Amino acid sequence: MDLGSDNIIVYLIRHGQTQLNRGGERFRGSVDVDLDATGWRQANTLKKLFSNQDFSYVFTSDKKRAMDTADKIMEGREPHPVPVDGLRALDVGDLSGQVKTDQTREIISYHFNNPEIPIPGGESFDQFKARVNPLLVEAIEIGINSPNPVMLVVHSSIIHEAGTLLGGHHEYCLVDPGGVAAIYLKDGKLDAEAIYLPKTTGSSDRPTAIT
1 MDLGSDNIIV YLIRHGQTQL NRGGERFRGS VDVDLDATGW RQANTLKKLF SNQDFSYVFT
61 SDKKRAMDTA DKIMEGREPH PVPVDGLRAL DVGDLSGQVK TDQTREIISY HFNNPEIPIP
121 GGESFDQFKA RVNPLLVEAI EIGINSPNPV MLVVHSSIIH EAGTLLGGHH EYCLVDPGGV
181 AAIYLKDGKL DAEAIYLPKT TGSSDRPTAI T
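In terms of the working numbering, the numbers along the sequence shown are unbroken and rise by one, the last being 211.
Careful, some of the hints might be misleading.
Cut-off 35 Å, straight-line C-alpha distance, at most; resulting in silico cross-link-like pairs (DSBU-like, lysine-lysine) [what the hints assert, rightly or not]:
#1 K100 with K48
#2 K100 with K199
#3 K47 with K100
#4 K129 with K72
#5 K47 with K64
#6 K100 with K186
#7 K129 with K189
#8 K64 with K100
#9 K47 with K72
#10 K72 with K100
#11 K47 with K186
#12 K72 with K48
#13 K64 with K129
#14 K189 with K72
Listed next, with one range per pair, are the computed distances between beta-carbon atoms [stated by the list, open to error]:
#15 Q98 with I144: 33 to 43 Å
#16 S51 with I117: 42 to 52 Å
#17 P120 with G76: 36 to 46 Å
#18 V82 with L3: 15 to 25 Å
#19 S56 with D191: 13 to 23 Å
#20 Y110 with Q53: 33 to 43 Å
No lab work stands behind these hints, which were simulated from the structure alone. Note that the coordinates shown come from a computational prediction; the quantities given were computed from them, not determined experimentally. Here a beta-carbon is modelled for each residue, glycine too, at the ideal position from N, C-alpha and C.
Modelling step: build the complete structure from the supplied sequences, incorporating the hints.
Structure representation (structure tokens):
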């Protein structure tokens, strides 16, 4: 797939890098952290990549790192990005901002495997899915029924969920910061694919980049 494919109905854009996800070293979750210098460069690159692509709607998480990425991509043109709080990253509660260690990763793994139990101070994976999946489905429906695709500027945990929804695995279409995944319709079937800066880490049985 390429960025301009006629089959694409939704672009899932991961916000640019921040000081907390540089090298994947800290959980971000509900922390409202700014893009770093690399993140701004990534946003500018995305602006150039999408300069000839029209969109029916642009929705973004209401966190600064996502809104700034969306605003840069759509700078000087319409539609203007609309922030949606339901597109926030998985709320990892007390883990927000903490370094990713074997111990903290085990906490996430436990809650991933027991999705009904909330992460301390945050939400459960079931709660996360309940708020995110309807928004993904709505974006897909809008994209199918609109002349141009929908853009969602989101966090990696949202792209994890899109992969689960469309590919049956949470790492199905992961991308690095500033990367792009696409949801497309081909031969009447929905699918998803990482089309720009795909994440190169191998599969695992737990989330590796909750943001």
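K129 paired with K189 [C-alpha distance capped at 35 Å]
Distance of about 22 Å is within 35 Å: holds.
K64 and K129 were given as a pair; does the straight-line alpha-carbon distance stay at or below 35 Å?
Answer holds: K64 to K129 is near 22 Å, not above 35 Å.
Hey, K47 versus K100, does the alpha-carbon distance stay inside 35 Å?
Roughly 31 Å separates the two Cα atoms, so the pair holds.
If I claimed the Cβ atoms of P120 and G76 lie 36 to 46 Å apart, would that claim hold in this structure?
43 Å, holds
Q98 paired with I144, Cβ distance criterion 33 to 43 Å:
40 Å, holds
For K47 and K72, compute the direct alpha-carbon distance and say whether it is at most 35 Å.
6 Å, holds
Between Y110 and Q53, is the Cβ distance one that fits in 33 to 43 Å?
Given range 33 to 43 Å: holds, Cβ gap about 41 Å.
Does K100 lie within 35 Å of K64 when you go C-alpha to C-alpha?
Holds - the C-alpha atoms of K100 and K64 are around 22 Å apart, at most 35 Å.
Is K100 close enough to K186, meaning Cα to Cα at most 35 Å?
38 Å, violated
When you check the alpha-carbon spacing of K129 and K72, does it fall within 35 Å?
28 Å, holds
Is the gap between the beta carbons of S56 and D191 within 13 to 23 Å?
Check passed, 20 Å falls within 13 to 23 Å.
Pair hint outcome, K189 versus K72 [Cα-Cα no greater than 35 Å]
32 Å, holds
In summary, the one numbered hint that this structure violates is 6.
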